[in-house]
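For chain A, the structure is supplied; the task is to place chain B on it using the hints.
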Amino acid sequence: MTLELFLLLAAGLFAIGLFGALSQMSIVMIMMGLELMLNGVIVATAAFWYYVAPGGTDGQVLIVVVITAMAIEMAAGFAVATAIYRSRQVDMTDDAADLAG
Amino acid sequence: MISVVLFWVLAVAALVFGFLVFRLDSMAQVTFALLASFLAVAGLVLLLGLNYLGVVIVLMMVIEMVIMAVFMIMYMMNPAGLMPMSMFHNAKGSAVIAGMVFVALVAGILLVDWPGRQGEAAPDLTFALGEALMGGQMLTMMTLGVTLFATIVATVVLSTNRGRYDRFGDDLDRDVADDPAGGGVG
Chain A
0 MTLELFLLLA AGLFAIGLFG ALSQMSIVMI MMGLELMLNG VIVATAAFWY YVAPGGTDGQ
60 VLIVVVITAM AIEMAAGFAV ATAIYRSRQV DMTDDAADLA G
Chain B
0 MISVVLFWVL AVAALVFGFL VFRLDSMAQV TFALLASFLA VAGLVLLLGL NYLGVVIVLM
60 MVIEMVIMAV FMIMYMMNPA GLMPMSMFHN AKGSAVIAGM VFVALVAGIL LVDWPGRQGE
120 AAPDLTFALG EALMGGQMLT MMTLGVTLFA TIVATVVLST NRGRYDRFGD DLDRDVADDP
180 AGGGVG
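Here the protein sequences come in this chain order: A and B.
If you read the first sequence in numbering that gives the first Met the number 0, its first letter stands for residue 0, the second for the next number, and so on.
If you read the second sequence in numbering that gives the first Met the number 0, its first letter stands for residue 0, the second for the next number, and so on.
Isolated chain B (complex conformation):
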């Protein structure tokens, strides 16, 4: 009974806050509306018994959205939302496409004869997940690790202002780096 009430509260919260992301004017409010939507979804994941993954989502999204808030305020023209503004282009066409996708998904959800529950959940789900990631799903875990490392390299390369080619020339053969201000002890 409590879980049913919780489901409806969290589901409505996830949808309403998700909708508010594109309705609010202030960038800070937008970021925290998205965070609220994520937290509601994390609550639903907890409700389904996936304790570890629910907590991971909460921790990751709180940090991610706080960092995102900094970037939002940095890049947006109206960070405080003091003046109402429109940030849409082709809102009508986008709404039509999104509506059509939603209708198609709902038709699929309601028309498909979903299979019943098969198998029993492991007594310790976190242990089972860890065992899978370190065993049968090792390749998945390794791929994720390499992809994350590639992301670190790519983000640093993309966002750096002056790279080694700016400092040491196109052939990297300059003896002293061409820096605007000298640093270190030299």
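Here chain A stands alone, though its shape is the one from the complex:
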């Protein structure tokens, strides 16, 4: 176990999440991609805390922030999906391209 291995895992999770967030048509699946990207951030933060600065608590606090961001992202995302579905029966990003271009 080295810092590099943990960071490679984090990069892999981030890249998979990025692919999902860019390629998925469903709004809910895009949120899954975003969650996967934040999952990678958690791995990288924990590894940096352990291998670089275990003396401080900043790494742990950053993980708390990321976990909170995940919860907020999911709650706000579902609220937006509910609002747009209620007003226009839209659950695909391709139907909600009003601001494109």
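No lab work stands behind these hints: they were computed from the structure.
Computed from a predicted structure; not experimentally measured.
Hints should not be assumed to be uniformly reliable.
Examples of chain B residues lying across from chain A (beta carbon under 8 angstroms, computed) [unchecked claim]:
1) V3
2) V29
3) S36
4) E63
5) M67
6) Q117
7) L132
8) T139
9) S158
10) N160
We put the CB at the ideal spot given by N, CA and C, even for glycine.
For chain B alone, kept in the frame of chain A given last:
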């Protein structure tokens, strides 16, 4: 030795289940694949000695993904995955961008000369975290609290069907609420 084996098992599990999220057809399976990826990452966090945060991730993600499963089945056109379908747009371009980002990250990870381990971990990490959140990082904690409260208000406002302007008019001056069905004792 055991920790090395555990690391590889959990790391491969996190990546494979993360990949399956975008390969499976059934929405229920997709949600639980994401949950499995989260649990593997929580295992890695536990492996690094962050017991409290690892358990918090497990508890939060189990609840979050079970709620997510309900929404997934509600909103998706193919909840049971009985018919194969494609939900991608511009899959090739997305794969290229994700691949380029991965290569750039790997280059950075392998080329940077990372600093060595500095300092000793506190004997009780959970206590140290609590002390930081209630002391030096108090501003972070307060910001998180206010943001979470704003999220509660925003989600209720966004997802509510009929708000007070629908019920009491644009100037909120109606004496009796305009509800489709009367309620209460009146």
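Tested hints:
Satisfaction of the interface hint for B:V3 is found here, the shortest Cβ-Cβ separation to chain A being roughly 6 angstroms, below the 8 angstroms cut-off. The beta carbon of B:V29 is positioned within 8 angstroms of a beta carbon in chain A (closest approach about 7 angstroms), and the interface hint is therefore held. For B:S36, the interface hint holds, since its Cβ comes within 8 angstroms of a Cβ in chain A; the closest pair sits about 6 angstroms apart. Among the interface hints, the one on B:E63 holds; its C-beta lies about 6 angstroms from the nearest C-beta in chain A, closer than the 8 angstroms criterion.
Interface restraint check: B:M67 against chain A, minimum CB-CB distance 7 angstroms, threshold 8 angstroms, status holds. Below 8 angstroms, beta-carbon pairs count as interface contacts, and B:Q117 has one with chain A at about 6 angstroms; its hint therefore holds. Here the hint on B:L132 is kept, as its CB sits about 7 angstroms from the closest CB of chain A, short of 8 angstroms. Taking 8 angstroms as the C-beta cut-off, the interface hint given for B:T139 holds, the closest approach to chain A being about 6 angstroms.
Evaluation of the B:S158 hint against chain A yields a held restraint, the C-beta minimum of about 4 angstroms falling below 8 angstroms. For B:N160, the interface hint holds, the least distance from its beta-carbon to any beta-carbon of chain A being 7 angstroms, beneath 8 angstroms.
No hint from the list above goes unmet by this structure.
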